[in-house]
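Peer 1: Based on the provided sequences and hints, a complete structural model is requested.
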Amino acid sequence: MIEEIRNKAKELLETKTVDCVIGYEPATDNLTSRPVFIYEPSQVNRLIFDETCVHNLSKYLINRRYKPTGIVAKPCDTRGINLLLNEKQLRRENLFIIGVVCSGIRKVRFNQIENSMPTKCQYCSQHTPVIYDFLVGEPVTEAPTHNYSDITEIENMSPAQRKAFWSEHFDRCIRCYGCRQVCAGCYCYECFGDELDPLWVGIRIAPGENWVWNTVRAFHLSARCIACGECEHICPVNIPLMLVNRKLEKDTLHLFDFEPGIDTEIVPPFATYKKEDKLGTGE
Amino acid sequence: MARVGVFVCHCGTNIAGVVNIPEVLEAAEKMPMVVSATDNKYSCSEPGQASIREAIIENNLNRVIVAACSPRMHEITFRRALASAGLNPYLLEMANIREQCSWVHSDNKEIATNKAIEIIKMAVAKVIRHEPLYPRQVGITKRALVIGGGITGIQTALDIANAGYGVVLVEREPSIGGRMAQLDKTFPTLDCSACILTPKMVDLSQHPKIKLMTYAEVKKVTGFIGNFEVEILHKAKKVDHLKCIGCGICWQKCPEKVPSEFDLGLGKRTAIYIPFAQAVPPKPVIDLSHCRYTKYLTWVATGQEGKKPPECRICEKLCPTAAIAWDQEEQLFTEKFGTIVVATGYQTYDYSHYKEYGSRDFADVITGLQLERLMSASGPTGGEVTRLSDGSHPKTVAFVCCVGSRDQQRGRPYCSKVCCMYTAKQAIMLKEHDPEVQCYIFYIDVRAGGKDFEEFYLRAIDEAGVIYIKGRPSKIYQDGKKLIVLGEDTLMGRPVEIPVDLVVLATGMEPSAGADELARNLNISYDTYNFMVEAHPKLRPVETHTDGIFVAGACVGPRDIPECVAQGSAAAAKVAALFSQDTLTTEPLIAVVNQARCIGCLLCVTICPFKAVDYQTTQDGRLIAATNESLCKGCGLCIAACRPKAIDLRGFTNQQILDEVAGLWL
Amino acid sequence: MTKVITKEDLLSWLRQLAEKYAIIAPVTSNGVTLYKSVGSSEIDKINLNFSKTELSPKNWFFPPSETLFTIVKDELPRIIPASVDREAILFGLRPCDAKGIALIDKAFLAEPADVFYQEKRDKTTLIGLACLSPCLECFCTSVGGGPADLTHLDILLTETAEGYITQATTEKGKQLLTGAPRQEKEIIPPVLPSLNLILAEGITELMPRVFNDAYWDRVADRCIHCNICAYVCPCCYCFDIRDYVSKGKIERVRSWESCQSPGFTRLAGGYDPRPTKGAHFRQRWYHKLLYFPPIFGDIKCTGCGRCVRSCPVNIDIREIITDVQRMKV
Amino acid sequence: MAVSHEPRIVGFLCNWCSYAGADLAGTSRITYPANIRIIRVPCSGRVDPLFVVKSFQLGADGVLIAGCHPGDCHYTEGNYHTRRRFALLRPFLDYLGIDQERFRLEWVSASEGKKFSEVVADFTETLKRIGPREI
Amino acid sequence: MKQSAYPYYPGCTLKASAKEYDISARLVCAQMGIKLEELDDWVCCGAASAHGIDRLLSIALPARELVTAQKFKAPLVTACALCFSRFKFAAYELRNEAMRNLIKYIIGEGEIQQNSDGVIHLIQLLDNNKDDIRVKKLLNGLRVACYYGCLLVRPKEVTNFDDEEEPQIMDKLIKLVEAETVDWKFKTECCGGSHMLTRPDIVIKLSHRLLYQAKQAGADCLAVACPVCHYNLDSNQKKIEANYKDNIGLPVFYFTQLVGLAMELSPKQLLLNKHFVNPMPLLQRKGLI
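Chains as they are written, first to last, in the numbering used here: chain L, 1302 to 1584; chain E, 18 to 683; chain H, 733 to 1061; chain U, 1275 to 1409; chain S, 304 to 592.
Simulated from the structure, these hints should not be mistaken for laboratory data. The structure displayed is predicted, hence computed values, not measured ones. Ideal Cβ positions, reconstructed from N, Cα and C, are used throughout, including at glycine. One thing to keep in mind: the hints can contain errors.
[Said to hold, decoys possible] A partial selection of chain L residues facing chain E, derived with a Cβ cut-off under 8 Å:
| # | residue |
| --- | --- |
| 1 | Tyr1367 |
| 2 | Glu1388 |
| 3 | Lys1389 |
| 4 | Tyr1488 |
| 5 | Cys1489 |
| 6 | Tyr1490 |
| 7 | Glu1491 |
| 8 | Phe1493 |
| 9 | Glu1496 |
| 10 | Asp1498 |
| 11 | Pro1499 |
| 12 | His1521 |
| 13 | Phe1571 |
| 14 | Ala1572 |
Peer 2: Right, dumping it as structure tokens:
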């Protein structure tokens, strides 16, 4: 598997099909992995792929909008690429996607590999990349399924419990904006969270502002979040952000039968409408 | 620094009778940036406006709040007052303390007063963020495009041209005339359709202000009112119409005979043809899909397989002016127009979905329009109504109304409006042709709402002896030489079974093929049946939601000839009114893009109902949205959709609305 | 003989102290350990077996957001400065975190001192816990600290089977300890752990020479410019100040900011002197390793390893130091 | 029950239907509770979900968006988009602790002054019933 | 051979006057490796009268059987067109949650699943598994008019069966066994249905038209999928002939019997002797027995 990736990367760099391949290399704990940018064919042996390769590298493509780039991508990451293609941020001809079949990775932290899967993998059924030029691994034809038991659990709480649950989490937020910075779908030149005029979110790192930030961040990703789970993974204070994102994912699927990043041809739900939409808005 | 003046109106006792004005003034004075707060008995009166004017000048105000009635009532009035004081009129904000306060809270004066104060507070917070705005003037290309050369388009073009403005009429068929040219007689007057139509067609072709483009289609439309750019595709006629004198030798001698579209397959035409004798222009085109020489060329080009077709070229040999132009290709031209009138008309419903009526399997089941061709003296049978199966003259004829109309199962729930009258007309005409004919008309309701229509319907019963049977037939089938029509006479409550010689299906109207595509190109709305949607069905019947584009005739919905003509003239009047101005003023309350923030996801382009957002590519390859000030209507849909907040709506900016909300808690 | 305090006694002492002092101590909930204010009834919630908190204790003196003062518009505008109402004990500090506070002190307490910071600092006593099982990413010894370094603490506690060895280094600490129920015991002090050593020595001299090296661009490739490293760091202290208007009053608020955040050095008019990813990224390391030392006498790093642990893309200060040292310049 | 609580409703009304409907309620002298503060927007489609979130953050007890009936939008399709945004936002805010009864979308035409007053009365009643919002 | 099982609801007529339909259906399915498992303790589907009397009753009766059939992983198979119609209507109505709750309250048995594809007609079953039909004897030369009747195809949104005017599904099956099907316009016209009891004049007229048209179209027999149609066309044929002084003589088969013949099941097994219009002379003439 790793050899396949290295050989393809080498070929791409040698033939100058791309001038950089984004992949994974071992991290400094000699246990987990980290993103790496390979520019020279001689460097391809740094590339690895294993169960610790958690990062969604499609985030990096935004910085390389107009440069021919190769990328190693898991199925969830390829959905990110599709999202960016759909939103006209990338040009397909600039990309060479080395898709990797994935049946889930491990929950990792620096110096630590846990025996369980991260949330995103527990509920994921997309095991084959949705877009790729070169596939590593045997494609899985299993039909994707959906499980939102974690969301239903929160939906079933009483309003007061729910409010308390989220206060507990959001009050802890230090607004490092790591969730935004790591997100493949967050690429505004100036985020509404940084805007001064009007001041949507005050700089005060306090419950009210934290609530606005977390609500609107998620809502800006409604029908766009591709469930790579990076925001939750990197959150330094462990806010369960996937519980926020997946609520929107669930409702988007239910209301509009739409899953972001699966097919670039389908018009996303907020770019269109149906006259006969009912959507439980009291008609 | 904003200097806000607050003017509270008593509106007689309408406001002052409920709201405690002194208390409001006292509170208003303390609001941020408020320099003066005064009251008026009637702000909208001339003295009231004068006092506002004076206060603006005296206190050097640069923002004005008028706390009075609804802005829907007097916003324009007070904007003028600001302008007369030398202030930009858009620096006004109205606080609605009458309709939305004093009138609805007259039961509690204290609450009403508090609410009035808060309403003013919100307005102050918003007005501080107001900027001067300036309407823009754009020039007008005083030339109209009319799409469709039926009776509606002809009328429109003539009326615009007679008002002195240039017109281009585009028709996709080789001749203008449309559906009306196919008709024999018109109801209820029974005057000859061709006799009243063809003079207009000739007028049009000879009008100095009208440029006729037949065998051409509108491909792409960009721009906006006063300044449209339209790409028109001229299909290859293969005949040089400048040389052609329309002598007719070519179409008389052409050996290739094909079913005539104009005669709905009942007659033949040649491969080089004019659709009908009175066609305008009276010059032919070559139908390449049937031309023998073209087939020969294809045979040569594809490697000479199979039997060699004849090389023909008879038309070319016989043409006295050498007008046959084999090298003519289709061409795309871009023309500029100030307005566009859509008059693409209708086609009749294809009844092949009606399997119970044989879906075209029975030769002697024909449509109403086919019967028109059979009855027409210039038609394929020279006016003889005969059966297609054996050429005999039918003695019993059944008409079936509402085929493809008023039928929800077929997705055609609407009434086609003209069928009741045209079946009556055809029944009367058949009786006139042959007094032995007995006609039966199966109907759901006879709809005879129109001048002389009811009388005409009665005439069919009384004079032509037509038997009307209320009920939609359930089945038509062949039994020997006869057709059996099964149905129910719902008035009698009995099944009926009538053997007839000929069945005429009164097929309904539907928009011409391609109407939806054209509507999308023009960015005007169309309904589920592809009929164009007017801006308002009653008050703006020939306008669309896209300024400068008008609709007329049967492309909007089923219409009869007089209605089409009236609509054509109405659209022409709208066009002439527009062209009587030299420039157009555009509203400044529109969306503007902050290009530095735009991420080029182009959601706004997709979402804009008016195609007012387009995009540009920057030098470094970024896509950036750009709004068109003339197309934008200021709905703000794109702004709410824009994640990076790169678009904003003048007059209702994010900052303004947010401050208005926050004003409540200031 | 050494003075020790048993765990039970320690907790009851703290419970007693909580009547007078605000106690700030490590508490674990939802799998996250943070310094939180605990009342006398909540002393049992204190986690004494934590390795390292997710966020550093700097939050107490330099919170993510604080209102500096409030202006109320009554009849006349009035300025109400924020103030701390009672003295506090910051309990359970690791020596590295104590050093972090000392480093921030250098910036905030240098003349003119930041009064808001100073007031809280003066009213707080620091009680440390020696670090007997450091994390793999820890490297305090490489930057002049140590697992039981008591330099920057008022009191240091070292856990043994017999109880906690108590050491007071300052007057404040000694004063406080007098009230503690301690016993004299014969104790073999625990063996202090040894840590991986990297040689940070001389790094300040090397830094100017590699300023323009492409190295910074290459490492910045994978940096996502979140603020995590700065926000978890015990000695990063950048902030932003903004005024808030609401409900009839104006508040001046100070909040954390980070050199890695997108608009950090953008000037009015939009010009950014650190326009590239690399330059943006480089700032953090140059501040820590080059700009800070000559003014305040030490490199701005405590070796706590939080940034190493929390960085989503494994940007490792140890690696950066060794890479710079290896560069041929 | 404690002292009666006067909820505050922020209402975003489209200029063409609902704002005119609210005006009509006035012209017809139909009284309704004074708890609503109306913000005029050109179209319900102009209402950015952020406005709703901000209104709640600032302290609104309820937020109302009112627009033309589907099919009647002055801008032909604005309210269809509003409907979609609302359909997703409402359960989402509910999920994050804003009781869904605090957020409403209503179709009020220019001729429905009566309906507008009923909407405000009913909404106010609901908000009083569920009590003040802890912020 | 694959083995698959389907819940099967024969209905009252197939236990009595249309026994040959039931028997031939079971035989043909057995040959195809399909097991029809008759529902336990089934009750009336409500056909003919319930929906005219009480709407809830007309839904509750089939709903009870639908609940019973839920434990199978396969759709419920019906052979009688009337039963099919009632079951489809019930499934259609049960899409509504309020209706589901109401009916659940009435029948008091288990959860009602929402599944409008949960019912299929025997023709559909055969069509879905047509690869398993092993034709041993081709019915060459037999000219069959496929008569679907009114209930299978209407209303389309409820039964979702085939085209309302020009259905093809039975024709495809008959062509599969190499018999010829005639193109005629009366495939879904009314035979008069249960009016035989009250207004025989109407039934005789309508059924005569069907038989006459089939004969005109060149058919030498009819194939049907409904016991009521069969009754009207077969057992009434003598009466029709007498009434119209017309010689028709068209045997009326259940489509299962024709498929069965092609599987070399004997006429006796298929109960061909039960028909009023004796089909044996025709089959002998065509050399099929």
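Peer 1: Against this structure, judge whether each hint is valid.
Peer 2: Status of each hint after checking the structure:
This hint holds: Tyr1367(L) has a C-beta 5 Å from the nearest C-beta of chain E, less than the 8 Å allowed. A distance limit of 8 Å between C-beta atoms decides the matter here; for Glu1388(L) the minimum to chain E is near 4 Å, and the interface restraint holds. Here the hint on Lys1389(L) is kept, as its CB sits about 6 Å from the closest CB of chain E, short of 8 Å. For Tyr1488(L), the interface hint holds, the least distance from its beta-carbon to any beta-carbon of chain E being 6 Å, beneath 8 Å.
The beta carbon of Cys1489(L) comes within 4 Å of a beta carbon in chain E, closer than 8 Å, and the hint placing it at the interface holds. A cut of 8 Å between beta carbons decides the hint on Tyr1490(L): the least distance to chain E is about 6 Å, and the hint holds. Nearest Cβ of chain E to the Cβ of Glu1491(L): about 6 Å, under the 8 Å cut. The hint holds. The closest approach between the C-beta of Phe1493(L) and any C-beta of chain E is roughly 6 Å, which is under the 8 Å cut-off, so the hint is satisfied.
With a least beta-carbon distance of about 6 Å to chain E, the hint placing Glu1496(L) at the interface is held under the 8 Å criterion. Contact between Asp1498(L) and chain E, as hinted, is supported at the beta carbon level, the nearest pair being about 6 Å apart and thus within 8 Å. With a cut of 8 Å, the hint placing Pro1499(L) at the interface with chain E holds, because the nearest CB-to-CB distance is about 4 Å. Taking 8 Å as the C-beta cut-off, the interface hint given for His1521(L) holds, the closest approach to chain E being about 5 Å.
The criterion of a C-beta within 8 Å of any C-beta in chain E is met by Phe1571(L), whose closest approach is roughly 6 Å, and the hint holds. This hint holds: Ala1572(L) has a C-beta 4 Å from the nearest C-beta of chain E, less than the 8 Å allowed.
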